[in-house]
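Order-wise, the sequence lines are chains L and P. Under my numbering, residue 914 is the last one in the first sequence; the count climbs by one each step, no gaps. Under my numbering, residue 220 is the last one in the second sequence; the count climbs by one each step, no gaps.
Calculated directly from the structure, the hints in this document are not laboratory data. A virtual CB, placed ideally from N, CA and C, is assigned to each residue, including glycine. Incorrect hints may appear among the rest.
[What the hints assert, rightly or not] With a straight-line Cα cutoff of 25 Å, these simulated DSS-like cross-link-like pairs (lysine-lysine) come out:
| # | chain 1 | residue 1 | chain 2 | residue 2 |
| --- | --- | --- | --- | --- |
| 1 | L | Lys910 | P | Lys74 |
| 2 | P | Lys57 | L | Lys776 |
| 3 | P | Lys166 | L | Lys910 |
| 4 | P | Lys215 | L | Lys910 |
| 5 | P | Lys13 | P | Lys74 |
[Stated by the list, open to error] Derived coverage of chain L by chain P (criterion: at least 3 residues anywhere in the stretch with Cβ under 8 Å from a Cβ of chain P; other residues may be distant):
| # | region |
| --- | --- |
| 6 | 500 to 510 |
| 7 | 774 to 780 |
| 8 | 797 to 810 |
| 9 | 824 to 831 |
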Amino acid sequence: MINFGGMPTYKIELEPVGRRTEIEAGLTLLEAAQTAGVELVATCGGQGICEGCRVRVENGKLTPLTLEEEALFSCDDLSKGYRLACQAKPLSDCKIEIPPESLTTPQRLQLEGHEQEVELDPVVKSIELQIPAPTLHDLRSDVVRLKEKLLEQGMAATNIAYPVSKNLSETLRSLNWHTRISLHTNEPGNGKSTIVAALPPPDKAGSTMLGLAVDVGTTKLATYLVNLDTGETLARAGAMNPQIGYGEDVISRIMVANDRVDGRQILQTRLVETLNDLVIELCNIAGMQRDQIVDAVVVGNTAMHHLFAGFPVRQLGAAPYVASVSEPVNIRSHDLGLNIAPGAFVHLPPNIAGYVGADHVSMLLASETVVSKGIVIALDIGTNTEVSVVREGRILSCSCASGPAFEGAHITFGMRAAPGAIERVQIVDGKVLYHTIGGQPAVGICGSGILDAVAVLLEAGVIDTKGNMDSTHPLVRTRDGKREVILTPAEKTGHGRDVVVTRHDVNEIQLAKGAIRAGIEVLVAEAGGITNSSQLDGLIVAGAFGTYLDLGSAMRVGMFPHLPMERFRQVGNAAGSGARQMLLSAERRDMAAQIAKKVEYIELTTHSRFTEFFIKSILF
Amino acid sequence: MRDEFFQKITASVVDGEPEITVDLTKRAIEAGLEPMAIIDQGLIPGMDIVGKKFDSGEYFLPNLIFSAKAMQASMDILEPELHARNQERKMAGKVVIGTVQGDIHEIGKSLVATMLAANSFQVYDLGVDVKPEVFIQKVRETGSNLVGLSALLTTTMPVQKDVILALQEAGLRDKVKVMVGGAPVTRSWADEIGADGFAEDAIGAVVVAKSLCKE
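Generate coordinates for the entire structure from the input sequences, incorporating the hints supplied.
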């Protein structure tokens with residue numbers, strides 16, 4: 295709480311949109327959201343009768359429940375901390391989680407990834423069988439009957455998933471003994487085959503075999519429904535990672551798992567619940583049934599991988615930051631609570647190290663980095679930026695602590711890529727020009743916008759190589775001794791305040807881009823073959839921010855080395871693409887395992903030259 | 006000429022230009038200026054200005070790093086000169102500093118170490134991932150009166166407390182002041198674990214260290 299001598303004011307953090315605002319006491323959370331430019335559904339106009347603006351309180355004190363709220367919410371909702379934003383008034387600084395349904399405009403989630411043609415050879419095979427029905431002269435059990443028929447077709451099934459055998463008798467009879475068996479052929483380590491589903495025969499409803507690909511990001515979830523018969527992606531759906539409510543970054547979630555007896559369980563449950571909602575959404579889009587999803591591949595950074603699978607994460611929170619499990623694993627969907635075909639396996643590709651996970655392996659796979667010619671860098675920018683260099687069959691990888699600045703955190707008007715975010719900035723004839731997502735009045739700046747802003751301010755001589763702002767420059771104003779540049783004046787913004795870039799913001803970008811560049815430089819030095827990163831043969835950029843960022847700006851601020859434009863490749867959500875490839879091709883799944891085995895992991899923080907490179911790289 | 010040298014050295018520290026500071030330092034020595042005077046009237050006023058600019062929000066981490074580098078580079082030249090003259094800087098205190106066990110973040114801790122050294126502290130930097138017993142051993146060995154504990158992860162912050170407890174067990178707690186820092190560390194955490202001082206940044210750390218040594 296800050297007191298300016300009049301009304302006390304409170305700081306309100308709005309998650310997962312990542313906006314922060316400050317309001318006077320006596321105002322509601324709805325008004326707080328509005329000052330921050332975050333549009334909540336308020337169909338009833340804030341009278342407390344429509345439930346449109348329901349939010350969940352993470353922490354902080356609010357005024358007691360109103361009668362309207364008591365009438366609307368169930369005991370369960372109340373115990374979870376749900377309130378109506380139009381009714382609740384803060385009595386302290388608060389952190390509020392806005393469920394997606396309460397936001398009028400969805401955030402931009404990146405689901406596309408470049409499709410790479412892979413030869414269709416899924417791990418889960420399909421075999422159509424007409425099984426002879428039992429008679430008084432043929433008294434074999436249903437399972438034996440099925441297995442022997444399979445053997446006749448040249449397929450030996452060693453196992454049958456328990457959920458399949460549990461319902462087999464009913465299923466086979468309802469299908470008139472004509473079925474399409476899904477046979478999982480790649481049990482790691484033992485080469486055994488397992489019957490994971492018995493679907494209706496081809497041409498009948500519900501006969502299509504489906505696969506689920508999931509990219510579990512620390513912030514966002516991306517899911518894809520894939521037709522295993524054709525290789526086609528039938529549906530895509532994204533959501534925020536619900537674990538955000540327990541901390542924005544990986545470390546704070548590890549803390550939750552460490553501190554609370556049920557912490558690990560809660561984080562896993564919340565994640566799986568949201569994935570189950572996404573599965574329903576995917577099936578609705580594609581007009582399919584959940585039971586048709588006979589295979590799944592889930593990628594994520596090591597912490598997300600562990601939290602999803604229920605593996606311990608304590609050791610990820612302290613040096614030397616080792617993974618609990620790094621080899622590929624198959625877990626039964628049933629054991630994870632994931633609502634797909636109950637006999638299906640969920641495949642988790644291998645991790646490289648504590649902070650370089652299966653998502654990076656998946657990205658290296660899909661982007662074809664490993665088969666690139668020459669010396670090539672591939673990276674995925676996030677709170678932790680994973681970087682790999684490939685040279686003559688060697689792969690070296692590291693993780694840079696680049697921080698969440700490009701996701702909007704720690705930036706004065708930072709926000710995630712959502713409507714009203716400034717995403718492009720230019721200076722023409724001494725005037726700032728910008729573009730917002732959705733063309734709406736500016737409310738903040740997203741990652742690509744802040745990167746552009748810093749680049750053009752450098753270009754215009756507003757900031758120098760150390761990041762100092764020239765107080766005599768016409769674009770710079772000084773308020774309370776602090777220097778800033780106005781991108782959008784108050785009268786044009788969505789919340790009536792100037793949207794500015796401060797010297798502090800420039801500093802945050804210096805630290806973030808410095809960490810990324812230092813990682814690149816360390817890997818280039820370790821890989822050898824070239825003396826300067828400007829001689830790289832290629833630089834592959836994955837991820838949402840990596841797709842929307844302006845490469846020229848990234849080079850101008852020194853985040854990337856100066857390279858001819860044609861040497862860059864922006865590959866979108868390559869981790870998600872890799873997951874889809876691993877559904878469609880057993881060979882790709884093996885390749886991922888080989889990539890992970892091959893990688894030489896470099897720990898940056900203990901690398902002898904890291905500090906030197908970092909300090910050099912925080913300059914422009 | 007003296008004053009002009011001092012002013013230029015001060016300016017080069019403020020601007021964070023290590024090469025210029027080194028060049029000026031060498032020329033000042035050649036011109037017969039006293040190393041002690043170069044420190045007191047050239048370098049230290051420069052760092053004072055840097056500290057003020059940092060506090061006012063004009064300067065940020067990159068400025069601190071390069072100004073500290075400039076000061077350090079100059080000191081590397083001046084210390085042998087002092088030694089040759091049998092002179093010693095008056096030390097404000099002796100500090101054992103390190104990043105606690107389980108944590109390998111180096112840059113913030115090293116910056117604090119450099120800023121303390123720049124402000125006349127004798128600094129023993131133990132590096133990163135430092136076990137509690139190593140802190141104890143170094144305090145015993147050097148007779149230091151101050152211990153600085155850095156932790157950059159919420160998961161390693163509890164180790165700061167372990168070191169304080171270890172100091173107690175070793176019977177050293179009343180002989181040293183303990184200060185803690187690192188991005189996730191707060192004043193209330195410092196109070197909770199019984200630390201004597203806390204600072205949010207390297208400039209604040211110098212202020213806190215000075216006041217703890219006066220007590």
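Verification of the supplied hints:
For the given pair, Lys910 of chain L sits about 12 Å from Lys74 of chain P by alpha-carbon distance, which is consistent with the 25 Å threshold. Restraint check for Lys57 of chain P and Lys776 of chain L: satisfied, since their Cα atoms lie roughly 13 Å apart, inside the 25 Å limit. Only pairs whose Cα atoms come within 25 Å are accepted, and Lys166 of chain P paired with Lys910 of chain L is rejected, the gap being roughly 34 Å. In summary, the hint linking Lys215 of chain P to Lys910 of chain L is not supported, as the alpha carbons are separated by about 30 Å, beyond the 25 Å threshold.
Proposed proximity of Lys13 of chain P and Lys74 of chain P is supported: the alpha carbons are some 16 Å apart, at most 25 Å. Beta-carbon proximity to chain P at under 8 Å applies to 0 residues in the region 500 to 510 of chain L; the threshold of 3 is not reached and the given coverage is violated. Counting residues of the region 774 to 780 of chain L whose beta carbon lies closer than 8 Å to any beta carbon of chain P gives 4, which reaches the threshold of three, so the coverage claim holds. Remark: the region 797 to 810 of chain L is confirmed as covered by chain P, as 6 of its residues place a Cβ nearer than 8 Å to a Cβ of that chain, reaching the required three.
Evaluation of the coverage hint for the region 824 to 831 of chain L: breached, as 0 residues show C-beta separations to chain P shorter than 8 Å, against a requirement of three.
Figure legend: structure checked against the earlier numbered hints; hints not met, in rising order: 3, 4, 6 and 9.
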